[in-house]
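Participant: What follows is the residue order along each chain.
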Amino acid sequence: MTLRPHARKGRHSGKYALVAPATMMILCIALFPLLYSVVVSFQNIDVRTPVGTFVGLKNYFDVLRDARFWNALGNTALIMTVCVTAELVLGFILAQTLIGPLPGKRFITPLLILPVVIAPLIVGYTWRMLWDTQYGPISQVLGWIAGRPVEIVWLANPATVWPAIFITEIWQWTPFMFLVLLAGLAAINPEYREAAEIDGASSWQVLRFVTLPLVWPVMAVAILFRALDAFKVFDIVFALTNGGPGTMTETVSLYAYSVGFRNFRISYMAALTLILIAIVSVAITVLWRRMSANQERMA
Amino acid sequence: MTTRAVESIAPAATRPRRGRHKARAYAWRYALIAAALIFFSFPAFWITTIAFKSSSEYFRNPPVWIPANPNIAQNLEKVIRTGGLTAIGNSLIVTVSATAIALVVGTLAAYSLARFNTGGNNFAFWILSQRFLPPVSVVFPVFLLFRVLRWVDTFHGLIILYATFSLPFVVWMMRSYIREVPVEVEESAQVDGASRLRTIVSITLPLASPGLIATGIFTFIFNWNEFLFALVLSRTNVITYPVKLTSYFGPESAFWGEAATVSLIATLPVVIATLLMQRYLATGLTLGAVK
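Quick mapping for you: the protein sequence lines, in order, are chains L and Z. According to the working numbering, the stretch in the first sequence is residues 1 to 299, in order. According to the working numbering, the stretch in the second sequence is residues 1 to 291, in order.
Looking at chain L on its own, in the form it has when it is part of the complex (with noise of 0.2 Å):
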């Protein structure tokens, strides 16, 4: 009702109206004390100073000094690597088998993603139950492979905590690989693969020079997104270990909150933040170049 005035003006009038609400939202929610923890990051507020004092970018250099940091850093980098290659590896095999018509179909794929939609903390305590030495039934059925009894501490033996956080994240987001990719390669022309096929291209040179260039654009941005989704990694393994056996599993954002939320060493926590937003804008720009030139692509 309120735009009525304006829209008498002209068919353009009104559109910064309409965004209005949205963006004051982003300003007042999020942006705004965005900025403000860019302040706080330059002072030395911590439990025992609430008022604090410029101290220039001391906090910064703290960080990047702080081994904590660097070994929370490396675990989500391994959580990266591992998982994603993982996942896109066995995504892409579970596209290749239901691509083409398959009898059943209709009722595999439904059952194969719902994974990416459960809550990923109800996934971690779920798994953490699986996991279970005494009352899971993983340990149980090695035992019954192993032919005696494993007993197997999962989630505290530095030796198996990592597969097992490897296993949960891919459980959790291999169907999103496979979804994607399904849909990639779904939008292949198969007159490609069969002019290929009638030169007599054997199926791995049709797979290395005529499947994978095709869905590569769609398996960029699946990668790039996972990457990002791999980075913010908490819910899973706090629900698994949270960061234990004391911070071997810990991920930079469950180091984060014990540093912001259990130690309240604000004015460090706020140059932490800082520091990984930088981070994560890089990979954020190379998405955004990926998904810009698609879209060209498709128009």
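It is worth saying that the hints were derived from the structure and are not from the lab. For each residue, glycine too, the CB sits at the ideal point set by N, CA and C. It is possible that some hints are incorrect.
Below, a sample of chain Z positions facing chain L; criterion: calculated Cβ distance under 8 Å [what the hints assert, rightly or not]:
#1 Arg29
#2 Ile33
#3 Leu37
#4 Pro63
#5 Phe132
#6 Val136
#7 Pro141
#8 Val142
#9 Ala163
#10 Leu228
#11 Trp256
#12 Val270
#13 Leu275
#14 Leu281
#15 Leu285
Using the hints, position chain Z against chain L.
Facilitator: Just chain Z now, kept in the frame of chain L:
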């Protein structure tokens, strides 16, 4: 259609023996699919059986796979006693309100971006980029702000936060759905004297309604599954179900029956919604990068 696709699976050189190869190719595919189905559905099976077990059954070594007397009432009663259902109710209030606000505010902005390219591509990208920021970086400044406003542990605090961080998704998705509505339909309505807002509500949105419904359901799911914001901003008044779940797993104690039952109740609606929205899932999860 069928024969053509099968030929592309079996190498061209083996066509004379196509029958046997076809059968072998199918056998391989189904074996792989069966393995995948077991892997991806087993955790769901396990959590469901725990919800139907008594505590003497889920804490037994070796584990029991099928409960002797499947009964969810005993766990449900414990969930109610420990405030699990209240937490699910809180989640419902927060998620539905935030989704509704984000849909209204976001769709208006999306309309402006779709029709007038308001602010250009950079503005659209600025909105979108909010979505990729690590939640832990976002929630910390918000926590500082909410502490001053005394919005910590309130419904309106969480609702506004969730609504704001749903906007990038809503704006981005609705922008592409509105673009698919031909602009000529709107022009004829405006010639008849309808205001801009009226045109949007009675002409554009009905035509974009499948996209609007899909966007709404996905926004609901993302907010429903959110944990970190709630963990930071809820104390005692507004505990959402993920925060409640953490209280079932202490260092010394574990309430598996309660946790499994809450997880099951919280996941069922999401699963049903996903099955209905399957067609839109790839698009929704990649912000329209994949159609």
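Participant: Please go over all the hints and tell whether each is borne out by the structure.
Facilitator: Now for the hints, and whether the structure bears them out:
| no. | hint | in the structure |
| --- | --- | --- |
| 1 | Arg29 | 5 Å, holds |
| 2 | Ile33 | 6 Å, holds |
| 3 | Leu37 | 6 Å, holds |
| 4 | Pro63 | 5 Å, holds |
| 5 | Phe132 | 5 Å, holds |
| 6 | Val136 | 4 Å, holds |
| 7 | Pro141 | 3 Å, holds |
| 8 | Val142 | 5 Å, holds |
| 9 | Ala163 | 7 Å, holds |
| 10 | Leu228 | 6 Å, holds |
| 11 | Trp256 | 6 Å, holds |
| 12 | Val270 | 5 Å, holds |
| 13 | Leu275 | 5 Å, holds |
| 14 | Leu281 | 6 Å, holds |
| 15 | Leu285 | 6 Å, holds |
Of the numbered hints stated above, none is contradicted by the structure.
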